[in-house]
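**Q** Residue-level listing of the chains:
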Amino acid sequence: MSGPVRPGASDTVASLPKGLRCAVFFRSLGLQASWNHQRMQNLGLLVCLMPWLRGRERDPERDRLFCRRYYEFFNTNPYLAGYVIGGLLRLEREREGVGGLPRGQAQIFRDSLARALASLGDQLFWLGLRPMVALLGCALALAGQVWLVVALGLVVGAGQLVWRWRALGRGYAAGYDIVSLLGDPRWHRAIAGAKRAVRVLAGLSAGWLLRHAWEGSGQVGTTPWALLAVLVAALGLPVVVRRRWAGEFMVLATGVLALLLAFALGPKGS
Amino acid sequence: MTAIDMMGGFTGAHWALLGWLALLSGLLALDDTALGQTWLSQPLPAAAVAGLVCGHPLLGLAVGLPLQLALVMNLPVGQTVTGDASAGAVAAVGGAILAGKVPAALGGFHGLTEGAPRGDLALTGWLLLGAALWSLGGHPLIQAERRLHLIWMLQGRRTLRDGNLSRVERIHGRCLAATLVRGVLYGGVGVLAMAGLWVPAFEALPAGLRGAMAWVPVLASALGVGAVLERYGVGRHWRWVGAGAIAGWALGVLT
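Protein sequences, first through last, are from chains Z and B. For what it's worth, numbering that gives the first Met the number 0 labels the leading residue of the first sequence as 0, then goes sequentially. For what it's worth, numbering that gives the first Met the number 0 labels the leading residue of the second sequence as 0, then goes sequentially.
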């Protein structure tokens, strides 16, 4: 067993063969391709693990049992799935030649780790980094920097590929010790930092909108003060109402609101 | 002009552009849920890339920016998926450009429209409504595709009896192909629908109604940012939000 692993630390002794690591990595990018409502990512997980199985001599009975172990419910955050996949490959390798990994053992390891990483991933990626990058992109767009917006997309894409590649290696290097990774305080610091950045960037977008309401009121055919007041109300409305609608519904609702405002404030047309 | 009139006037270049946009939509559909999941399938980069494909990157930003701000809190946490925003973004940008219309940037005031033809913010609002509708229309398609995945996955259980690994890999590949095909078709039809129906419908709106559409990008963006503030809290964190707001005001002065 290797020592404790830390997110963001350099590669440990991981000894996943390069070819196998590449094959598993590329398949892991499509973990969610066959997502279904009953077993979610089960097929994706099995397909990710198959290069390991294919590197062994064919044994239909062993292959059948292997597929049974991983055809059950599986769901985790796709960006952190590498830890589970790497860990499972390590356990499979360790039990190779002694009857394979028992189904119950694989299930406990897979399910408990997947659940913990799903929760961590929701906080860090979906609620932290994703809105942060989206708002950062908006800030670049506000400055009219279209190439920087595309470059940001490419950098973020490349960064998450590197992250996923290293997660696979760390998961393999850690095996059962991967549990210690979950207790690392840096996860929580990263989550808090990302959420703080979201607040700053949301404030930035609000400030920019208000500033331009002052200058651009002619575009909507009203006075600067009226537009400023409407914008402040719109910014505050979700905070006061405390309801979360899907963005598409908000856009459609603004269509109705726009009509009311145009008639109330006297539209001049655009 | 009807959709059929418009398609009659299509040159080879128009059809080629439509093909590229459909392909882009397919790739973004893959990226959104199935393969990679980078940030490129979000509305802002999707619209910017669609604009680049059409040769008008700034017009892509004009639609993409308010759409991104409005949809920023659409988060795929757990099983939650709302709509097909990348298809909506590509359809809105591509449709406007194929129809020869120019949406204006939100605030359109400075940098964003520099070097681009003068646009119409009301058209941007109309396109946003179209993008939101098209995105919502993609939701049942995504759900149908997931039901198809379930059927295929259940067929794959035969491997648990005979140990045939290739069957499982083929099923997985089929799921990927289904996502790509859905994205290509839905995006392509979306561009055509926007160019042939939605944008011409804007021209037919009464002047008062058309003018009102200029409010949509402004309001949708403000509501989107408000939703972020609601989700992440303002009360205890007002210093961070306030610092950002001052920076945003300064950015507005500088740009």
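Hints in this document: simulated from the structure, not taken from any laboratory. Possibly wrong hints are sitting among the right ones.
[To be verified] One-sided excerpt, in silico: chain B residues whose CB lies under 8 angstroms from chain Z: (1) Gly8; (2) Thr10; (3) Trp38; (4) Leu64; (5) Leu68; (6) Ala69; (7) Leu70; (8) Ala131; (9) Ser134; (10) Val180; (11) Leu184; (12) Val188; (13) Gly225; (14) Gly247.
Model, not experiment: these values are computed from the prediction. By construction, the Cβ of each residue, glycine as well, lies at the ideal position given by its N, Cα and C atoms.
**Q** Each of the hints needs a verdict: does it hold here or not?
**A** Hints, verified against the model:
{"no.": "1", "hint": "Gly8", "verdict": "violated, 26 angstroms"}
{"no.": "2", "hint": "Thr10", "verdict": "violated, 26 angstroms"}
{"no.": "3", "hint": "Trp38", "verdict": "holds, 4 angstroms"}
{"no.": "4", "hint": "Leu64", "verdict": "holds, 4 angstroms"}
{"no.": "5", "hint": "Leu68", "verdict": "holds, 6 angstroms"}
{"no.": "6", "hint": "Ala69", "verdict": "holds, 5 angstroms"}
{"no.": "7", "hint": "Leu70", "verdict": "holds, 3 angstroms"}
{"no.": "8", "hint": "Ala131", "verdict": "holds, 4 angstroms"}
{"no.": "9", "hint": "Ser134", "verdict": "holds, 5 angstroms"}
{"no.": "10", "hint": "Val180", "verdict": "violated, 13 angstroms"}
{"no.": "11", "hint": "Leu184", "verdict": "violated, 18 angstroms"}
{"no.": "12", "hint": "Val188", "verdict": "violated, 18 angstroms"}
{"no.": "13", "hint": "Gly225", "verdict": "holds, 4 angstroms"}
{"no.": "14", "hint": "Gly247", "verdict": "holds, 3 angstroms"}
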